[in-house]
Amino acid sequence: MTTVAAIRTLGLSKSFGDVVALRPLDLEVSEGEVLGYLGPNGAGKTTTIRCLLGMIRATGGRAEIFGVDAQRNPAEAHRRVAYVPGEENLWPGLTGSQTLHLLGRVQGRVDLPYQQELVERFKLDPSKKVRAYSKGNRQKVLLIAALSSRADLLILDEPTSGLDPLMEEVFRESVGEARARGQAVFLSSHILSEVEALSDRVAILRAEELVEVGTLAEMRHLSALSIDATFDGAPPDLSRIPGVSAVDVEGNHVGCQVIGSVEPLLDALVASGVHQLLSREPSLEELFLAHYGRGPAAAQDIAHAA
Amino acid sequence: MRREHAIGERRAPTVIAWLTAKQAARSAAVWGVLFGLLVLQDAGSYHSNYPTLAARETLERNFGHNAALNAITGQARRLDTVGGWVSWRMFGLMIIIGAIWGLLTASRLLRKQEDAGRWELLLAGQTARRQATLQAIAGLAAGWVVLWALTAAFTVAVSSRSAVGFSTSGSLLYATVATASAAMFLAIGALASQLAGTRRQANGLAAAILAACFLIRMVADAVNSLGWMRWISPLGWAENVHPFTGSQPLALLPIALLTIGAAALAVTLAGRRDLGTAVLARREAVNQTLVCSAVPQL
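In order, the protein sequences belong to chains A and B. The working numbering puts the first residue of the first sequence at 1, with every later residue one more than the last. The working numbering puts the first residue of the second sequence at 307, with every later residue one more than the last.
Pulled out of the complex, with its shape left as it was, chain A reads as follows (with noise of 0.2 Å):
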């Protein structure tokens, strides 16, 4: 038997009248893997999603959940999909116990051991009303709803957005749990450390286009190397250098980033008598700068996801 794939896309676009959400998209997500979904606010995310779920309809292309076309019968493909969307909206005259009850039912299946589990791992009272939560543990209700349906498929729009660091551990950890019992895991995020600790592979979204498809291996091998030198006296000008790109210098400590060849930028700190060199991985924070520039935009969603 061939495996079909938890998410397909094909050529999936979405235009609201002149203005176009999401460019022709080709996606694929495996059963068992977590991708993750990277972009900055408004690069069509959760308008990707949406498309996914069928909730609104796609200008062009297919989307498939399990084989199962989303946009033409969602009712069908949704059988095996939990959702978590990006705002953590719920009834606020419910109490947790009552919406995870409703939730169960939307949903179709829980599994209430587990959910009880859930419950006391996030440390959630479930027994207070949601107008009296704060929006971190709305946020729980949402993950536990999901996280305890057992979905085939989890898709998850910003899921961590309001829980602290000590939830956030939680949540990496049932999301491995998931992935190690074979579920899917599509992880929309704009939290670059949450993608690089949870994803398989990673798709990068900007301006509502698919730019960048591929493990955190692969992405790094494309990417910059980031070196920080430090000299024994004054710093000489590394901006001309080929292939050098975002110089810091801050005293006789110069950071910088390299694409491509390392051997000019080599030559030209052992010529500058380089007292110390740390050269390193660049992280996702980082991949994602060389993506979209070092804007004031990029530098204020990097600000806002740290």
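Note that these hints are calculated values from the structure, not bench results. Hints should not be assumed to be uniformly reliable.
What the hints assert, rightly or not - Below are the EDC-like pairs computed for lysine to aspartate or glutamate, each with C-alpha atoms no more than 20 Å apart in a straight line: (1) B:Lys-418 with B:Asp-580; (2) A:Lys-135 with B:Asp-421; (3) A:Lys-135 with A:Glu-87; (4) B:Lys-418 with A:Glu-87; (5) A:Lys-128 with A:Glu-117; (6) A:Lys-123 with A:Glu-169.
To be verified - Chain A residues, not near chain B, derived (Cβ > 12 Å throughout): (7) Lys-128; (8) Pro-165; (9) Glu-212; (10) Met-219; (11) Leu-225; (12) Asp-232; (13) Pro-235; (14) Asp-237; (15) Pro-264; (16) Gly-273; (17) Gln-276.
Said to hold, decoys possible - These stretches of chain A come out as covered by chain B in the derived footprint (C-beta under 8 Å, 3 or more residues): (18) 49 to 58; (19) 84 to 92; (20) 106 to 118.
Note that the structure is predicted; figures quoted are calculated from it, not measured. Backbone N, C-alpha and C fix where the C-beta goes; we use that ideal spot for every residue, glycine too.
Given chain A, work out where chain B should sit, using these hints.
Chain B alone, transformed into the frame defined by chain A:
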């Protein structure tokens, strides 16, 4: 797989219908009891307030043909009978309250859910936009049944008193007329929830339709020669039934047609539009979505 079995899978869950029905029934029960008590009180006191035939004829003479009064309260007919009296006294009030309840309830359980982002959660279940709206409308219908059943129960209860002497079928018809506008405006509210982009706008649209219906009905009841205009106002249709005073159940037909037609159109439109958008003022809705999702533009 045993595991799947233990988890317990349900096919085609009707959770949206149940959720909507529960919320609609709660307010329907309050109004149903109130409608019932009004009928009970008014029918029960008729004979003690107007004990003689002469008193009743005076009543008919004073209020039965007063055009200005009819414009507000609706057409009076046979005020010298208890059936004519409770119809005239109650319909004007119940039909307006019912219509307002209907339009507010529909927009609260459809457009407001969508505005608040909860509709998205419900849509993620084993359903789609069209089916989900159909379920919600079935839930609204259940709410109407509660309103009708309580009104009917009180009316049947009062009919058993010898002095009142309503027939059971007349009592049921009375409850149907009293709640007919609620049914029509639940459907119109559901339709407005598809047409308008926010709950406020949906309420405004449905209320404007109600106001137009009311104005036409006013003119029809105030000016004798314009009585035919009752047939072009849904509120006039309800008046034309006359459950106790020469009943015309056929007048229920346009009411049923309007209710079913508006509900069906609402379901169709819901299937055709994107989550969070409106059929009217599409551009505006889109701009709102974009503003919300596009904050740090790169």
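Hint by hint, here is what the structure shows:
no., hint, result
1, B:Lys-418 with B:Asp-580, "holds (16 Å)"
2, A:Lys-135 with B:Asp-421, "holds (18 Å)"
3, A:Lys-135 with A:Glu-87, "holds (9 Å)"
4, B:Lys-418 with A:Glu-87, "holds (15 Å)"
5, A:Lys-128 with A:Glu-117, "holds (18 Å)"
6, A:Lys-123 with A:Glu-169, "holds (12 Å)"
7, Lys-128, "holds (18 Å)"
8, Pro-165, "holds (23 Å)"
9, Glu-212, "holds (15 Å)"
10, Met-219, "holds (19 Å)"
11, Leu-225, "holds (24 Å)"
12, Asp-232, "holds (40 Å)"
13, Pro-235, "holds (31 Å)"
14, Asp-237, "holds (29 Å)"
15, Pro-264, "holds (30 Å)"
16, Gly-273, "holds (39 Å)"
17, Gln-276, "holds (35 Å)"
18, 49 to 58, "holds (count 6)"
19, 84 to 92, "holds (count 5)"
20, 106 to 118, "holds (count 6)"
When each numbered hint is compared with the structure, no violation occurs for any of them.
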